[in-house]
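Novice: For the protein sequence lines, the chains are A and B, in the order given. Each residue of the first sequence is one higher than the one before, counting from 5 in the working numbering. Each residue of the second sequence is one higher than the one before, counting from 12 in the working numbering.
Treat the hints as calculated values from the structure; they're not laboratory data. It is possible that part of the hints are untrue.
Derived lysine-lysine pairs resembling DSS-like cross-links, with alpha carbons at most 27 Å apart [to be verified]:
| no. | chain 1 | residue 1 | chain 2 | residue 2 |
| --- | --- | --- | --- | --- |
| 1 | A | Lys144 | B | Lys129 |
| 2 | B | Lys129 | A | Lys153 |
| 3 | A | Lys129 | A | Lys191 |
| 4 | B | Lys155 | A | Lys111 |
| 5 | A | Lys111 | B | Lys161 |
| 6 | A | Lys111 | B | Lys231 |
| 7 | A | Lys31 | B | Lys67 |
| 8 | B | Lys150 | B | Lys161 |
| 9 | B | Lys129 | A | Lys111 |
| 10 | A | Lys57 | B | Lys54 |
| 11 | B | Lys155 | A | Lys51 |
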Amino acid sequence: MASEQVKVIGAWASPFVMRPRVALNLKSIPYEFLEETFGSKSELLLKSNPVQKKIPVLLHGDKPVCESSIIVEYIDETWSTSGPSLLPSTPYDRAIARFWASYLDEKWFRSLRSILKAEGEEEKKAAIAQVEEENSFIEKAFIDCSKGKAFFNGEHIGYLDIAFGSFLGWLRATELLSGHKLVDEAKTPSLSKWAEQFCNDPAVKPVMPDTAKLAEFAKKIFAKPPA
Amino acid sequence: MAKKEESVKLLGFWISPFSRRVEMALKLKGVPYEYLEEELPKKTPLLLELNPVHKKVPVLVHNDKVLSESHLILEYIDQTWTNNPFLPQDPYEKAMARFWAKFVDEQILPAGFMPLVKPERGIEVAIQETRELIMFLEKEVTGKDFFGGKTIGFLDMVAGSMIPFCLARAWECMGIDMIPEERFPGLNRWIKKLNEVEIVRECIPPKEKHIERMNKIIEKAKSS
């Protein structure tokens, strides 16, 4: 089962798609990346994820797995003997990692996008303040989870590192477009250091989108129609 | 499995399906717990202290460990008390159970309540869209007693607390027959089987009181 062919259906700009790719890289599992064209959905995608019609989808042999967080756990459990564990070892630490990953998806990323969608300075300032407040929670979570080590998961990149790390491209693009630093040495010293180490990891570098390219893409999708 | 000094507390709310499913899990594992009722929307200082991020129930306190978010709590329970496992062992089956559980809360719930209370494109469209989503679950349970197979599992607790013992009561208040037997024979059979399981029965909100409260919730939602 573990030796069957692996494919990932996704797109370069999606932080959610980045997650299974980093996980597979960490486990040294070769896979084929099937890039979706922006604005349309392939037949394979619609067939593999008829429920949500969304990326990423992992195809392991002929079995599709959907939802980025669920895919990362599946990768960890299926290739459990390849490379270090992506999830912490105790049930409580696992629950905490999942809690924060869920928080990032449900609250934080939405807050980040609000900065890009903001109309006018007042709205932008409020959106920035919201993200900065949430970043302070995540900074504290990092200190609690990492227990003095380099990553949320300890010595090695894990589930929560992947969850937040996949958003770094969008974070940097948002900083570029808004002209405001959100994660830096002054405001979030631990996260700032962690971000650098995460981005430099060989499993991450090949799949981290270029900030300038992402900023251009963001401008396009958040473009306001002419008044 | 439980040691003498172990303490398990659950902050819950009697009509919350998220809270009820945690009770099902604890009962399935035979874990004794102290239940603390939150009379929502009022929130006790304890709830705010234990769950400052989301300020929601359920919250499980196991000795000094505090956990929130029902799916996470369920997984924690399954891994901490290893008797009567309710998540599949196989990674793919587990991924599927997690996927469908997310689907219940993130897709069926939003479609199955507000769009029916305030149908922007007509009630028939809202019912149709909800049924289309529920049909995915019908396919998953057809040919089985429970989503978990012969005995109840993770998805049975998530979907059971949400659909027959929560949303179905709202649908009843609104006079909607959402999952008629001729269209959803698998789910109807599943609901009958669920009702035969003692620990599930113990976690069903009492009907009359529930319908009364549900009507108030619907009224409030209409005027929001």
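Novice: Are the hints correct? Go through all of them and say.
Specialist: For each hint, the structure was consulted:
At most 27 Å may separate the alpha-carbon atoms for a hinted pair to count; lysine 144 of chain A and lysine 129 of chain B exceed this at roughly 41 Å. With a C-alpha separation of about 50 Å, the suggested pair lysine 129 of chain B and lysine 153 of chain A falls outside the 27 Å cut-off, and the hint is violated. Restraint check for lysine 129 of chain A and lysine 191 of chain A: satisfied, since their Cα atoms lie roughly 16 Å apart, inside the 27 Å limit. The suggested pairing of lysine 155 of chain B with lysine 111 of chain A is violated, with an alpha-carbon distance near 37 Å, which exceeds 27 Å.
With a C-alpha separation of about 38 Å, the suggested pair lysine 111 of chain A and lysine 161 of chain B falls outside the 27 Å cut-off, and the hint is violated. For a cut-off of 27 Å, the pair hint linking lysine 111 of chain A to lysine 231 of chain B stands: about 26 Å separates their Cα positions. With a CA separation close to 36 Å, the supplied pair lysine 31 of chain A and lysine 67 of chain B exceeds the 27 Å bound. Simply put, lysine 150 of chain B and lysine 161 of chain B have alpha-carbon atoms about 17 Å apart, close enough for the 27 Å limit, and the pair holds.
A C-alpha spacing of about 25 Å is found between lysine 129 of chain B and lysine 111 of chain A, which places the hinted pair at or below 27 Å, so the restraint holds. Distance check on the hinted pair: lysine 57 of chain A and lysine 54 of chain B sit about 38 Å apart at the alpha-carbon level, beyond 27 Å; violated. Taking the CA atoms of lysine 155 of chain B and lysine 51 of chain A, the gap is near 24 Å; set against the 27 Å cutoff, the hint holds.
In this structure, the earlier hints numbered 1, 2, 4, 5, 7, 10 are contradicted, and the remaining ones agree with it.
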